[in-house]
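K.L.:
Input sequences plus hints: build the corresponding full structure.
Chain by chain, the residues run as shown.
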Amino acid sequence: MRPVGQMATHAETLGLAPQPVNGFVSNPCDQGRRLAAGLVLGDNPHVDISSNIAGRSRMLVIVPAHNEAASLPDVLADLAKHAPQADIAVVDDGSIDNTAAVARAAGATVLPLPCNLGVGGAMQTGYMYAADSGYDVAVQFDGDGQHRANLIAQLAGPALTGQADLVVGSRLLGGLKFRFHPLRFLGNRMLAMLISAIGHRKVTDPTSGFRAAGRRAMRFFAAHYPQTYLGDTAEALVWAERAGLKITEIPVRMRQRTAGESAIRNLKGFWLTMRIVLAILVDCLESRIVLDEDQQEGRQ
Amino acid sequence: MIAQTSITLVQRLVPLILALTVAVSVIELIRRRRLREEYAMLWICASGVLLVFAAVPQLVMWAANALGVYYVTLMVLLSFCFLSLVLVHLSVAVSRSADDVRKLAQRTALLEQKLSDNASQSNCEPLNETDGVCGSREATQPPDTSA
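First to last, the protein sequences are chains A and B. Be aware that the first sequence starts at 1, since it is given in the working numbering, and climbs by one per residue. Be aware that the second sequence starts at 1, since it is given in the working numbering, and climbs by one per residue.
Treat each hint with caution, since some may be false.
Partial chain A-side listing against chain B, Cβ under 7 angstroms, derived [unchecked claim]:
no., residue
1, THR228
2, LEU278
3, ALA279
4, LEU285
5, GLU286
Source of the hints: derived by calculation from the structure; they are not laboratory data. For every residue, glycine included, the Cβ atom is placed at its ideal position computed from N, Cα and C.
P.N.:
Structure representation (structure tokens):
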């Protein structure tokens with residue numbers, strides 16, 4: 001519970017000033033206003049990411065964050081600038097710094113996990129929120145500034161039009177513009193080959209965490225999401241493939257991560273890749289997940 | 001040297017059948033999603049090693065020679081089997097409770113978000129004529145002049 005004085009100022013800012021970032025805050029108070037605006041302007045029959053008939057955003061950007069208070073403001077500013085049409089949910093994965101406060105200050109919805117679940121568990125929480133709130137598309141977006149917000153509309157396109165259930169932003173399509181460390185590149189290639197072989201469909205960048213999920217994929221991931229340590233991206237692809245979701249890749253550029261590019265880290269990354277390969281092979285042993293829409297509605 | 005001891009057919013078959021049983025039950029546990037990925041891998045590796053030793057008993061002889069450890073009494077063997085069973089049971093139990101913890105954490109996060117959402121909802125100016133929405137907090141707030 002916030003102190004009384006703070007509540008009053010909050011009400012004042014909401015009442016007097018226009019929304020600080022337009023269409024950015026997922027606040028039920030604004031829904032009425034947006035609804036009114038939508039009625040005046042009329043409904044656009046074309047695919048419009050900005051709002052649906054109820055007047056709220058159709059797109060949710062999920063940002064899993066574990067102790068990312070330092071990089072989060074830039075990421076959220078980037079999102080506000082280049083994807084103002086989207087709502088943002090920051091999943092605070094048991095951070096011990098003030099990640100949640102930073103995200104709230106930027107106007108994002110915060111899903112505070114009480115303990116650290118890893119990227120898989122955090123991402124799934126975001127998908128649960130997206131599915132519960134009835135968004136049409138959910139975009140996975142890293143909290144470390146690796147992904148580019150101006151590519152979100154492009155990424156979400158096929159998921160919104162129903163061309164695909166899951167759209168993966170690939171760094172390797174359309175010419176290699178991303179500098180991989182050789183070991184990481186090898187790991188990436190190995191995973192790509194393995195997943196392509198399992199799914200009978202070419203996958204180029206299975207470790208890309210820049211993805212957009214349509215309604216079907218969203219509901220699937222809300223109910224089933226791999227919890228493998230750092231292996232969630234590649235394994236989620238296998239699970240989606242095995243559940244019969246339509247997957248497409250589009251070429252994207254990503255920012256080069258500067259911090260933590262040491263040989264030890266890359267070796268560790270290679271070892272991790274081997275673990276993921278093993279996990280994927282284990283997945284193939286598991287019974288197939290049947291995509292039952294009714295079953296998806298009620299959570300597990 | 002023990003390496004020269006001949007092995008009877010029964011002595012070959014019994015370990016092989018046991019190892020196969022272990023491997024099949026581990027795979028069945030994984031197929032039913034009763035084991036978390038990290039434990040699944042551990043047990044796959046364990047049953048793999050067991051199968052190799054059962055299939056090629058000469059390896060055991062070689063290891064015995066190399067280490068200088070020859071005799072394992074039946075009591076030790078039985079208690080080892082029992083402990084292994086306990087361990088499998090525990091990893092199934094840990095897998096399940098880890099899953100439960102995850103679900104609880106996720107549910108908590110979603111509920112906490114809903115709660116703060118509701119708090120800010122009753123905090124802002126009423127959209128319609130419903131003045132009573134903010135309830136008791138209304139009294140603590142200054143009258144809204146913006147609407």
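K.L.:
Close enough to count: is the Cβ of A/LEU285 nearer than 7 angstroms to one in chain B?
P.N.:
At about 5 angstroms, which falls below the 7 angstroms cut-off, the nearest Cβ of chain B leaves the hint on A/LEU285 intact, so it holds.
K.L.:
Classify the hint on A/ALA279 as holds or violated, based on whether any CB of chain B lies nearer than 7 angstroms to its CB.
P.N.:
At 5 angstroms from the nearest chain B Cβ, A/ALA279 passes the 7 angstroms test, so the hint holds.
K.L.:
Closer than 7 angstroms between Cβ atoms is the bar; does A/THR228 clear it against chain B? Give me holds or violated.
P.N.:
holds, 5 angstroms
K.L.:
Any CB of chain B closer than 7 angstroms to the CB of A/LEU278?
P.N.:
Where the cut-off is 7 angstroms and the nearest Cβ of chain B is about 6 angstroms from A/LEU278, the hint holds.
K.L.:
Let's test the interface hint: is any C-beta of chain B closer than 7 angstroms to that of A/GLU286?
P.N.:
holds, 6 angstroms
Checked against the numbered hints above, the structure violates none of them.
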